[in-house]
Amino acid sequence: MALFVRDKAVEARLLRADPDAIAADAGLNRFAIRRGAPIFRARCASCHGDHGEGDPNRGAPDLTDQDWLYGAGEVSDIERVVDYGIRAHNPKSWNLAVMPALATPNPGGEKGLQPLSPGDIDDVIDFLMQVENRPHDAAGAARGGVIYSTRGACYDCHGADAGGDAAIGAPNLTDRIWLYGDGSRAAIFQSIAHGRQGVCPAWIKTLSPAQIREVALYVHSLSKGRATAKGR
Amino acid sequence: MAFQSSITASEWRDIQKVSPQRSLVLMALGAVVGLGVAGYALFTAKGTSTLVVPPEDVALVNQQPISRSDFLIQLQTLFGVDLAHSTVAERQKVLNDMIREELFVQRGKELDVAGIDPDVRTAMVNAVEQEIAADAMTTQPSDDKLRAFYQAHQDRYASEGTITVRDLVFPKDRATEAANALKAGAPADAVLARFDGHDSRRTKDKEFYFAAKIHLGDRDFAIARALPNGGVSAPLRESDGSHLLYVLNNKPPVPMDFAQARQQVLTDYRDNAISRLRSGDEAFFRKRANILIAQDLKR
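Listed in order, the protein sequences are those of chains C and E. Each residue of the first sequence is one higher than the last, beginning at 496 in this note's numbering. Each residue of the second sequence is one higher than the last, beginning at -17 in this note's numbering.
Bear in mind the hints are in silico, worked out from the structure with no lab data behind them. Hints may contain errors.
[Stated by the list, open to error] As a list, the in silico PhoX-like pairs of lysine-lysine whose alpha-carbon atoms are at most 25 Å apart:
| # | chain 1 | residue 1 | chain 2 | residue 2 |
| --- | --- | --- | --- | --- |
| 1 | C | K587 | E | K165 |
| 2 | E | K165 | E | K154 |
| 3 | C | K700 | E | K91 |
| 4 | E | K127 | E | K91 |
| 5 | E | K233 | E | K165 |
| 6 | E | K188 | E | K233 |
| 7 | E | K91 | C | K587 |
Start from the sequences and build out the full structure, keeping to the hints where you can.
Now the structure itself:
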């Protein structure tokens, strides 16, 4: 009984705390991580792996690195994803952009995006290889760069510098971290041709607010380090 | 009480002997625990009226919670700051906005806005549909289920075929000779020059099947698709001359194995589940509803 009351009191403290400041409170952080780990294993590990290592075959991001697809990897960013998911059919889900399937007759839906030919896609891949300083065909990369920033509309999400945009979950294409596949030409072709739209469920109706914060703190703890805090 | 004095510590601990005092204490303890549990459940159950704001919320508006996580998101959205870097004025502004919104939503329910405003009705229908879909998203299907789905719909999972085809136009009386020259391996440009032909330019380099189909039309695409690399069609008579479809490269769609198709299979599986859930829910809504239809519209 006493333990239950004590845990409830710590839970309340956890919930009232600024999520991005909890990591500095070792006791509270430890409490949350201890309770978040089994929740992660039960709810998240089926996609992200038992240790959060991710699975590029499923487009499940590695949660142990510093590369955050949405937000800057702060606890509040992670908590938002756990709460409302990604393309999870929750009105508050992250759902601002999808990778269009450019080898289909109508890749852009109402945006009027035109399909690319196999040669166009090869050129865009050469451009991406060039951006990553990998072997590429220079003429193809030059053509691909034009497609990237014009009719391919890649710049619209991934940015003119291909650096991605964490505000909409558009991956950085310059860092050699690949959400899908191994970064080979075939894997990139697959992404451009068939599109991508990974999902993460919204847990707000399944987990309690305390459980959500605990799992967010656990995921935060998995990261081996992080970039500087988000812009304020 | 008289018996109290005669009770020793050993009698209290010996569960083989009846101890009225022990029974009373345990009964009292049970009652206290029971009351505690009941009280906790009573005051923490959803919908219970309370004067205390739960730790996960920042406010209660007529007992309707405004969640702390929504508050933080709103703070970030409106001012681009997290809690630690926000000012009192910023926090107050966000809180007031959220309370105002909640009050207006509650008033909207009192006024039955959904009964009169088509936008609200549409939003409500969409929201309920999304809600149903969200339930399907939280279930992660096993690989066995996905494999079964893949096997049942294997024809959906293939790469898009590609084709490089030239549409060459010749005078009607020279097309057969041109076709023979192409079949004999003469370069297309040389054949065009020799037999007064021209390239219609309906197709461009290597194309996906769907694009070639759009550019060539259904009939000509079906002919081209059936030709091997280096294949030449029979002359196709059109008003501008006889067309020869000359296929330089034809790569038909290749079926994807389960690993390659897994992501698409998962998407399709979920779409299918969402569709079934929506139909099921609609059937349930209809079943439990009391729907009366005017006489003149009854079939």
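Against the structure, the hints:
1. C:K587 with E:K165: 61 Å, violated
2. E:K165 with E:K154: With Cα atoms ~18 Å apart, K165 of chain E and K154 of chain E stay inside 25 Å; holds.
3. C:K700 with E:K91: 22 Å, holds
4. E:K127 with E:K91: It is violated: about 42 Å lies between the C-alpha atoms, which goes past 25 Å.
5. E:K233 with E:K165: Answer holds: K233 of chain E to K165 of chain E is near 19 Å, not above 25 Å.
6. E:K188 with E:K233: Judged against 25 Å, a Cα distance of about 10 Å means the pair holds.
7. E:K91 with C:K587: This hinted pair holds, its Cα atoms lying about 21 Å apart.
In this structure, the earlier hints numbered 1, 4 are contradicted, and the remaining ones agree with it.
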